[in-house]
Amino acid sequence: MPRQGQRLRRRKFLELSAAAASAAGLSSCGRSGGGPYWRYFSAAEAAAVTAICARIIPADDYPSAAEAGVPRFLDRQLVRHYRKYQELYRQGLRAVDEASRARHQRSFVDLGEEEQDEILREIEEKQAEFFAMIRNHIMQGYYGDPRHGGNREAVSWKMLGLPTPPVRGRLPYDRRSA
Amino acid sequence: MALKHVNAVVIGSGAGGGVVAKELATAGFSVVLLERGRWHTPAECRKDDLRNQRTSVLGNGFGPEDDRNPRVVVDSQGRERVVLASEGGYQNNAACVGGGTFCYGAMAWRFAEKDFRMRSTYGAIEGSTLEDWPITYQDLEPYYEKAEWEMGVSGDDSGNPFKAPRKKPLPMPPMPPNREFEILYPAAKRLGLHPFHIPMLRNTVPYNGRGPCMRCRWCVGFACEVDSRNGTHNTVIPKALATGNCELRTRAMVREILVDERGRARGVVYYDENDRRQEQTADLVVVSCSAIESARLLLNSKSKLFPNGLGNRYDWVGRNLQGHTYTGAVGLFDFDTYDDLGPGAQIAICDYNHGNPGLAGGAMLANEFIRLPYQFIQQVPPFVPSWGLAHKQWVRRAYRRTIAVQGPTQEIPVFDARVQVDPKVKDYWGIPVARLSGGRHEHTIEIGRFMAAKAEEWLKEAGAIRTWRRNPARGLSAGQHQAGTCRMGNDPKTSVVDRFCRVHDVDNVYVIDGSVHVTNGGFNPVLTILAIAYYASDHLVREWKGRKGRV
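Here the protein sequences come in this chain order: H and W. At position 175 of the first sequence (counting the first as 1) the number is 175 in our numbering, and the numbers step up by one without a gap. At position 276 of the second sequence (counting the first as 1) the number is 276 in our numbering, and the numbers step up by one without a gap.
One chain only, chain W, in its complex shape (with noise of 0.2 Å):
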């Protein structure tokens, strides 16, 4: 039995794919929205330490699952291996309705606006496919806004000088300040540094019909069990639900996106929760999945005329895979640090985002999230033995008189860090998987070890005892904050995807997530996938709305 034929059929319902999804259903388009994952809810917040999305040694806690979800890693030797969902090495981000957004951390973070001119702001680097954005922040600057008070987002940036400029203030307050902001707080200070409350998407006053934030210690990587912390599972997607013209498919796995003999896109086939093939036609495909995956399903949508993929007639699909490069210090202190209290996260400094000598950009510091036991062993420093009383006795005298600071390194984009599909290795349902394969650029682990010297500073300015560095890891970054895979940009031989999101050999296919941002920017990306979500829904609805009397 065929599918009744939609408007559009929206893959992955993430940060991206779940706005669009809204969007477009509220106006008036009949939209299929399609998600590989299951529809969790807060009751399954199982609080489980070994297994959640952060800390995945017994499994991940919200998807993929490890024996259907296999890719291939390739490493700087050439070696390749199968890795399975859970384990290192496979740039996870969960599967579940609201994907990323279920179970992140939350962090709210606009981009600077030298974030989308990287290349006017610092020119070529060699080894680099550096460009600037085809838009700058003043064309998503209204759509972070609604982002922001749609989705709801606490905090309070009005300490932060070079934040790029806002319309609006933030909807909700920020989080009454924790010990580590106490102390982290006049340190900055006295360093000349503007230290700020994080924004995050989090409830800290009642909004939007849900609660505030409980202060648990269950945050990142868990589901919030008091459904605060908001994702695209408990705004949007219910909205977009509630208008009748959504529907909304779980465990429905996207094999490829069909081309007519003219080239445009008819819709795609999935398999549905029992493994049956289905057949959904639309007029519009918009494309959600993240970087990997995204770029995986226009490689995989191989046809006449697309022999190498959906849009990938130069080769510039899955290209560009980037992530940040997270570097920072941590701190002993004399004195206890730590209350028990979630999301622990709260203050940061943008000083060092731009303007370091001889540096292409840099990143946000913030204080690391509140830390599990198990989570807090991986910290141990390397003068301490790693076994054995002094071990132990280690982790006795220092799990609450830590404090560690950290942030996301902007990445020097790189040609060859790349998503390819493998030629032999299949998923469950037989479809080729991702295979993964480059490294950083150079010049990204010499930004990141910049980092970890000012995060150090912060430190020893706080009255830290001892501290030590976390420096950069060389290998491919992308994990949850993966990006850069469908280039946005204006020339098609360079690009993937128009400054709209539209791919350019196709007039009716769309990819709308992290995978078009051309430079990741300091910062955790998610509100830029939201902004960016909301901005190419808008011209999605503009263009298409009335459009052969269909839509």
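Bound-form chain H, shown alone (with noise of 0.2 Å):
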């Protein structure tokens, strides 16, 4: 009977759905670029996958992955082509706070950016398999597609230069069916 689980899944989740954009005060979920509301993460995940961006692909006099969207654009493609990657995000994620609170006491977001480093130094070698996962993602969100959530105004583009798409008036088109 998959067809009625399906129905049930469909309507748990608007359900739930609901309940978080109500919560939230929000009126439609997710096409907001810097609201609460989150897909896949949850608040704390969030708040990991935000630091780690940060580090990644750290601000200079251009923005960091963290303040050119690129924790949506993950959010976003974990419910998409990447929920397949699902299970090793929260894996990954639970290894950082795990050697964070390890080595310092204290959460990864809450550490000052040398410690931080070296944590995901750590992660990098143990948990490699996840660490290069991540890391590829970032790289796309930020130098990627801005469609896809992340390279927020095209900032990584500017950052090389790259005059940004005029192309025959379709770019609307284009940003509606990402």
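Just so you know, not all the hints are guaranteed correct.
[Claimed, not checked] Some chain W residues flagged as far from chain H (calculated, every beta-carbon gap over 10 Å): (1) Asn208; (2) Pro373; (3) Ile445; (4) Arg542.
[Claimed, not checked] DSSO-like, lysine-lysine: derived pairs with alpha carbons at most 30 Å apart: (5) Lys158/H to Lys304/W; (6) Lys189/W to Lys163/W; (7) Lys84/H to Lys424/W; (8) Lys84/H to Lys426/W; (9) Lys163/W to Lys304/W; (10) Lys84/H to Lys47/W; (11) Lys304/W to Lys189/W; (12) Lys168/W to Lys239/W; (13) Lys304/W to Lys47/W; (14) Lys424/W to Lys460/W; (15) Lys84/H to Lys126/H; (16) Lys493/W to Lys460/W.
Everything labelled a hint here was simulated from the structure, so no lab data went into it. Each residue gets a CB set at the ideal place from its N, CA and C atoms; glycine is no exception.
Fit chain to chain and form the complex, with the hints in mind.
Spelled out as structure tokens, the structure:
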């Protein structure tokens, strides 16, 4: 009876997202760039991911990956094409948190930049699969097309001196169908 | 309701099938052209750098779809895993009308004369099935010319003394040089090399009723937004349809070739766009699904007379799977090399295709296509940290100041690099999937290393302040240049099809695509696939026209 199962799941999903949206005081879910609503991450995970983004691609005179919307990109892809990586993310983020607490008795988010880098180097070694994955995904979000939620206002393309593509009036269409 | 019987059913609308459909339809055959993908248009060029045919991290731009088309890949330790169509290791080629020609880079190379005589030129190589083709360059020359003029090729190879003789020049002039061309050309000259303009299936002037390339950044892997890149989807397939003799059915997934009790094909079974099982009978069956899927289809076409699959009496179907071993080098310069002009790849040398001491072959070397930022991230050198501020600042410094030179090393065929059908895993339609296993020959790796060193020399001469090599991978090689799985030959015991692409065992089944390549040249293979399709079609028409009063 897969049909019915699907219907139930869908209803459950609608209820849950309605609850989440009203709790957050939003009338619609997801579209707003910086709102508190996350599709996949818990609030704590989102904070950790944001902190990781800020270390993988830190700010200089151009924004960091955290500032360029990459956490939003990751969250969005984790309920889409990267659904298959959900569990790996959950485990990896748990490992980041545990490593931080073991070494500094604080969560990753509360560490200084150098302490965070140290933890990330440890994760790079001990959780190599997770680290390589999130590193690649952050690069995709930061250097990839803004339509996917990262690279906000095409900051990385501007940084590289690439004119963003004003191609034949089709950008609005592309944004909508992202 | 039974479908109307036709003269020919052609499976696959890429470089091979598109040409065959047009040639047969023009000669008056009734043709059904089956394509498992969709018909995309230039307006579907989404310019999405994370979801296209070259960078598929968020999915393939033009098929196949992840949820319907798994494969099984076996690694060198014998571990197997199920791989989705957009994942690494799948050896993907586009599944859409036009196939790979819809979204390729469009380099239009003729193979060298020696590429057809590798065994005679270099002798037997241990651990390899290296062999001569049963046909020569001269057999294909008129058909190379036909492909160049009918599909449309631009470029200028007059500066290439190593090219095989041609009767007619290319129909269109080359693209005006980009900055990388200007930098690399004099450097090659100083080294005594012979640089020239890459031939490409791309309009540089209006041709065939379509305009020239607008030189945008989204080329290989993307649909051409201005429809100036030439594939079968915008050349021969529209011509085939215009004859009124050819019907194109998209989203048609062929399950097997049906064989009668006398061992002749009587048609195919496929699933249509609504997943309904259909039976299309035909006098002739042409298999043009590219090397992996063509082999899979033959292997899945089992019958009483062919219990191991069609054409597979001697266990050669699916063997000798090969692609190209891409190697080269990247150079960092202390001035800007990037000018934001597509397609980017413009200059090549053929000095190292043959005649390299101690090596059986080589490759053409060319500058790489224009790089989008995320693609550039993949080529950050090993001496730069892979994350953090140092990484970001290196990307900022180097993005506009690097040139990559690389080439497709001709592979030494390996019998155990192969396509089988998996005993357990099935696709969305319940058809056993392709199972890929094997690796590259050690000598291929050796040649690839040599080519990387030559690319590095060229970049250094051009003024690169730092260079690093891209050394060869070892795993299975196929990808968009996949070839070899239904080898052409005179001896039925050591090949699958004859010199006219007809399956040895079966009078009315042809394989016409890269599968028939005995060796794959040190060049992008598409023009050779097109030429073989014209050549085999010519034979098909002569052989079958008027036969039994049907055609």
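Verification of the supplied hints:
| no. | hint | result |
| --- | --- | --- |
| 1 | Asn208 | holds, 22 Å |
| 2 | Pro373 | violated, 4 Å |
| 3 | Ile445 | holds, 25 Å |
| 4 | Arg542 | holds, 46 Å |
| 5 | Lys158/H to Lys304/W | violated, 64 Å |
| 6 | Lys189/W to Lys163/W | holds, 17 Å |
| 7 | Lys84/H to Lys424/W | holds, 22 Å |
| 8 | Lys84/H to Lys426/W | holds, 20 Å |
| 9 | Lys163/W to Lys304/W | violated, 48 Å |
| 10 | Lys84/H to Lys47/W | holds, 25 Å |
| 11 | Lys304/W to Lys189/W | violated, 62 Å |
| 12 | Lys168/W to Lys239/W | holds, 23 Å |
| 13 | Lys304/W to Lys47/W | violated, 49 Å |
| 14 | Lys424/W to Lys460/W | violated, 52 Å |
| 15 | Lys84/H to Lys126/H | holds, 21 Å |
| 16 | Lys493/W to Lys460/W | violated, 49 Å |
The structure fails to meet hints 2, 5, 9, 11, 13, 14, 16 from the earlier list, while all remaining hints are met.
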